[in-house]
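Residue numbers (UniProt numbering), protein chains in the order written: chain V, 1 to 743; chain A, 1 to 132.
In short, the hints are calculated from the structure, not lab data.
Be careful, since some hints might not be right.
To spell it out: a stretch of chain V is covered by chain A in this simulated footprint if at least three of its residues, at any positions, have a beta carbon under 8 Å from a beta carbon of chain A; those stretches are [what the hints assert, rightly or not]:
#, region
1, 643-649
2, 657-668
Capping the alpha-carbon separation at 27 Å, the derived lysine-lysine pairs in DSSO-like fashion look like this [stated by the list, open to error]:
#, chain 1, residue 1, chain 2, residue 2
3, V, LYS591, V, LYS400
4, V, LYS82, V, LYS141
5, A, LYS124, V, LYS400
6, A, LYS130, V, LYS286
7, V, LYS355, A, LYS130
A virtual CB, placed ideally from N, CA and C, is assigned to each residue, including glycine.
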Amino acid sequence: MGLGLLASRTLLRSGKIQPGNFTSLLRRCIVSTTELQNAEAAQAQAQPDTDLPKRSPVGGARVHFPNPEDAIEVFVDGYPVKIPKGMTVLQACEIAGVDIPRFCYHSRLSIAGNCRMCLVEVEKSPKPVASCAMPALPGMKIKTDTPIAKKAREGVMEFLLMNHPLDCPICDQGGECDLQDQSMAFGSDRGRFTETKRSVVDKNLGPLVKTVMTRCIQCTRCVRFATEIAGVQDLGMLGRGSGEEIGTYVERLMTSELSGNVIDICPVGALTSKPFAFKARNWELKGTETIDVTDAVGSNIRIDSRGPEVMRIVPRLNEDINEEWISDKTRFFYDGLKRQRLNDPMIRGPDGRFKAVSWRDALAVVAEVIHQVKPDEIVGVAGKLSDAESMMALKDFLNKMGSNNVWCEGNGPNPNADIRSGYIMNTSISGLEKADVFLLVGTQPRVEAAMVNARIRKTVRATQAKVGYVGPATDLNYDHEHLGTGPQILKEIAEGRHPFSSTLTNAKNPCIIVGAGVFERNDKDAIFSVVETIAGRAKVVRPDWNGLNVLLLNAAQAAALDLGLIPDSGKKIESSKFIYLMGADDVNLEKVPEDAFVVYQGHHGDRGVYRANVIFPASAFSEKEGTYVNTEGCVQTTVPAVPTVGDARDDWKIIRALSEVAGACLPYDSLSAIRSRMRTVAPNLLNIDERQPATFSYSLKPESHQETGTVPFGTVVENFYMTDSITRASKVMAQCRTLLLKI
Amino acid sequence: MAHWMKNLKVQPNSTSLEEARKRTFEFFRLACRSIPSIMEIYNLQDVVSPSQLRSTVASQIRKNSHVTNPKVIDMLLFKGMEELKNFVDHAKQRHHIIGQYVVGRKGLVQDLGPKDEGISNFLKNFYNSKYS
Numbered sequence: 001m002g003l004g005l006l007a008s009r010t011l012l013r014s015g016k017i018q019p020g021n022f023t024s025l026l027r028r029c030i031v032s033t034t035e036l037q038n039a040e041a042a043q044a045q046a047q048p049d050t051d052l053p054k055r056s057p058v059g060g061a062r063v064h065f066p067n068p069e070d071a072i073e074v075f076v077d078g079y080p081v082k083i084p085k086g087m088t089v090l091q092a093c094e095i096a097g098v099d100i101p102r103f104c105y106h107s108r109l110s111i112a113g114n115c116r117m118c119l120v121e122v123e124k125s126p127k128p129v130a131s132c133a134m135p136a137l138p139g140m141k142i143k144t145d146t147p148i149a150k151k152a153r154e155g156v157m158e159f160l161l162m163n164h165p166l167d168c169p170i171c172d173q174g175g176e177c178d179l180q181d182q183s184m185a186f187g188s189d190r191g192r193f194t195e196t197k198r199s200v201v202d203k204n205l206g207p208l209v210k211t212v213m214t215r216c217i218q219c220t221r222c223v224r225f226a227t228e229i230a231g232v233q234d235l236g237m238l239g240r241g242s243g244e245e246i247g248t249y250v251e252r253l254m255t256s257e258l259s260g261n262v263i264d265i266c267p268v269g270a271l272t273s274k275p276f277a278f279k280a281r282n283w284e285l286k287g288t289e290t291i292d293v294t295d296a297v298g299s300n301i302r303i304d305s306r307g308p309e310v311m312r313i314v315p316r317l318n319e320d321i322n323e324e325w326i327s328d329k330t331r332f333f334y335d336g337l338k339r340q341r342l343n344d345p346m347i348r349g350p351d352g353r354f355k356a357v358s359w360r361d362a363l364a365v366v367a368e369v370i371h372q373v374k375p376d377e378i379v380g381v382a383g384k385l386s387d388a389e390s391m392m393a394l395k396d397f398l399n400k401m402g403s404n405n406v407w408c409e410g411n412g413p414n415p416n417a418d419i420r421s422g423y424i425m426n427t428s429i430s431g432l433e434k435a436d437v438f439l440l441v442g443t444q445p446r447v448e449a450a451m452v453n454a455r456i457r458k459t460v461r462a463t464q465a466k467v468g469y470v471g472p473a474t475d476l477n478y479d480h481e482h483l484g485t486g487p488q489i490l491k492e493i494a495e496g497r498h499p500f501s502s503t504l505t506n507a508k509n510p511c512i513i514v515g516a517g518v519f520e521r522n523d524k525d526a527i528f529s530v531v532e533t534i535a536g537r538a539k540v541v542r543p544d545w546n547g548l549n550v551l552l553l554n555a556a557q558a559a560a561l562d563l564g565l566i567p568d569s570g571k572k573i574e575s576s577k578f579i580y581l582m583g584a585d586d587v588n589l590e591k592v593p594e595d596a597f598v599v600y601q602g603h604h605g606d607r608g609v610y611r612a613n614v615i616f617p618a619s620a621f622s623e624k625e626g627t628y629v630n631t632e633g634c635v636q637t638t639v640p641a642v643p644t645v646g647d648a649r650d651d652w653k654i655i656r657a658l659s660e661v662a663g664a665c666l667p668y669d670s671l672s673a674i675r676s677r678m679r680t681v682a683p684n685l686l687n688i689d690e691r692q693p694a695t696f697s698y699s700l701k702p703e704s705h706q707e708t709g710t711v712p713f714g715t716v717v718e719n720f721y722m723t724d725s726i727t728r729a730s731k732v733m734a735q736c737r738t739l740l741l742k743i
Numbered sequence: 001m002a003h004w005m006k007n008l009k010v011q012p013n014s015t016s017l018e019e020a021r022k023r024t025f026e027f028f029r030l031a032c033r034s035i036p037s038i039m040e041i042y043n044l045q046d047v048v049s050p051s052q053l054r055s056t057v058a059s060q061i062r063k064n065s066h067v068t069n070p071k072v073i074d075m076l077l078f079k080g081m082e083e084l085k086n087f088v089d090h091a092k093q094r095h096h097i098i099g100q101y102v103v104g105r106k107g108l109v110q111d112l113g114p115k116d117e118g119i120s121n122f123l124k125n126f127y128n129s130k131y132s
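Using the sequences and the hints given, assemble the complete structure.
Printed below as a string of structure tokens:
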């Protein structure tokens with residue numbers, strides 16, 4: 001029985017209140033445990049335990065000591081831990097295996113210390129301290145489980161819930177809400193608040209983020225994310241006291257390409273996903289850990305599905321690739337997986353209309369046509385989203401038919417597949433953080449690979465690294481020097497006539513990033529040799545540091561070059577009679593001759609379908625198991641999350657079946673068999689989740705005698721939100737395109 | 001047609017294989033006699049012909065031709081009679097009879113003709129389903 005209750009009884013006995021008021025008074029008395037009511041007395045009773053069980057850090061985290069002599073020892077609940085100097089009390093507690101409740105603290109953002117949920121008791125300190133903002137001092141005795149700390153949390157919870165609506169049943173965050181969980185764990189069992197709750201006008205942040213601002217607890221995580229990580233000054237705090245709210249000052253949308261991440265970092269349901277609003281509850285979803293294929297980064301994602309439908313996509317932690325963020329395209333393109341899908345094999349009739357046929361008939365037609373053309377008139381193009389298995393099968397099949405005209409779109413007319421360091425990001429994405437000078441050549445990383453751009457921004461913010469940029473005027477969200485637009489500037493830097501060349505030579509870890517858009521240029525070899533001259537002058541490639549990078553555009557590119565999908569000549573499409581488009585939609589189809597027979601194999605009715613004679617429906621990346629290599633050379637696989645639509649089949653199976661019908665049977669009929677075939681071509685493709693660095697540097701490359709042109713570098717990705725067949729089919733991406741790219 | 005079925009009872013066990021055999025033929029004739037009314041109940045005129053249904057029934061019986069235990073035959077006959085009664089009583093729906101006895105278990109693709117000879121297992125599975 002609590003003291004409050006006792007007190008009210010005494011009052012009742014002394015006759016000071018009327019019995020009629022008794023029940024209402026009882027309800028107003030907060031009943032809590034005796035220890036909480038009498039914190040000091042209970043503290044005196046608590047004896048420090050001598051033999052504590054060994055605890056492991058929260059989430060299996062490991063401690064990294066930059067200087068071993070700087071280690072200090074603190075005691076968390078009597079248990080001694082060694083931590084590096086400069087860590088906060090909260091981090092020390094995490095290493096000791098104690099999870100401190102928090103709302104405003106986020107390990108990747110700056111410390112605000114305004115939610116006060118992480119209060120802990122520190123010996124000899126007069127008040128509980130906010131552990132997220134308090135640096136740990138040697139010998140500090142931290143107590144996380146004492147009545148004072150518990151009471152402090154209970155009080156903070158009560159204040160937070162005072163103005164938080166009780167709309168959990170209709171809140172999209174319900175079930176994965178930090179406030180919900182922590183009020184269950186640390187909150188009081190009743191509230192004392194009887195006045196009306198405040199309400200805040202909802203803000204319109206665009207087509208992606210839904211706001212219910214009344215739910216906001218002013219942790220300012222989203223404000224800090226926008227300014228620090230996304231690099232847009234869109235969000236801020238307005239007002240003071242109970243009038244305090246998060247907003248955009250004036251009515252405007254949030255125009256960052258990373259804006260969707262505020263949904264994940266919001267601890268309550270104030271910022272939720274607009275396309276996902278009221279669609280599903282998180283406990284009815286099945287999570288599948290897979291990777292993203294809309295750009296060459298290969299962000300780690302989790303596809304949440306319900307039955308045959310992809311309901312949402314959320315990021316997965318991978319420190320080496322995407323940390324814990326993903327771009328808006330990755331997060332919201334999934335509704336494209338439901339639209340414009342090809343679900344039956346189809347043949348174009350004489351009237352120009354497609355007719356659905358059986359697989360047997362479709363394969364027979366294609367097999368007949370492929371035997372009527374000369375081997376060198378057969379051309380195969382793999383699309384941006386192709387997995388390594390299907391590209392291997394396509395190349396093997398066309399080689400069996402006597403043709404070697406097979407390539408992957410985006411790799412240009414004469415790609416260099418001989419030296420692997422010439423097409424991957426040698427520094428690795430996490431390695432970019434060590435660089436101190438960047439030179440971006442013909443690439444706009446913000447639209448080509450948003451996660452790589454976030455890494456560069458992180459580096460620029462942390463170390464004031466200098467960024468030089470050669471290319472068309474663009475909006476990079478960090479300080480950069482726009483050196484020029486054309487290859488002439490590169491020549492000046494290479495010859496040391498440009499001020500930036502001394503910046504590069506004086507740098508400790510210089511880093512050059514060449515965009516994959518350069519692959520499509522005629523003077524590609526010349527540009528690469530100029531870049532290599534710059535690299536040689538500035539010692540960009542050393543045994544301990546390789547700063548010469550290529551930033552690829554598409555998920556399939558690196559694997560295609562690893563597997564050697566290179567055409568005999570770049571002009572084959574004009575003289576072809578049989579074209580096999582494996583998900584290739586961005587080939588210039590106007591160059592295809594009138595009498596050519598075009599087979600389109602893919603999952604979306606996109607550009608390639610308009611010219612196709614036969615359609616083979618294939619499964620999308622969310623429905624198959626496929627190997628992809630990202631721009632840094634890290635091999636990852638997709639995992640099927642939902643069943644395939646209609647009568648579609650996996651890409652490599654279609655080619656395997658076609659090869660048998662055409663009488664040139666491929667010698668593998670299972671995924672493991674095709675992977676062992678891949679091992680003979682590119683053994684690195686079997687080392688899943690491992691980054692395979694290139695062995696040889698560019699110095700082995702034969703010298704190019706090409707002259708650089710004067711054509712300035714172009715914009716490669718015009719429309720960040722719609723780059724491939726899935727994103728072009730997505731309604732949300734179309735909305736983003738009209739509302740957010742207002743240029 | 002249904003009058004004989006109203007007082008359907010579990011018959012005593014067949015004493016010999018001969019008797020079981022006789023009962024099997026009786027069951028087959030009964031099924032054949034009820035086919036016209038089944039065709040009418042389930043509107044099967046444009047889907048299947050009586051002779052096709054007869055051969056389906058015959059093949060269902062032949063499927064168990066290896067059974068020699070009279071007790072097992074009695075049990076199978078009882079189950080067959082139960083199924084037939086369900087159809088005659090309109091206890092089933094049209095898709096049940098179409099799915100089980102018209103289209104059959106092989107699915108809609110039944111043209112396993114001579115053109116499929118000599119193809120690999122992979123291709124057979126590829127034609128049959130997307131999960132293989």
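Hint by hint, here is what the structure shows:
no.	hint	result
1	643-649	holds (count 4)
2	657-668	holds (count 4)
3	LYS591(V) with LYS400(V)	25 Å, holds
4	LYS82(V) with LYS141(V)	13 Å, holds
5	LYS124(A) with LYS400(V)	22 Å, holds
6	LYS130(A) with LYS286(V)	22 Å, holds
7	LYS355(V) with LYS130(A)	20 Å, holds
Hint violations for this structure: none, all hints satisfied.
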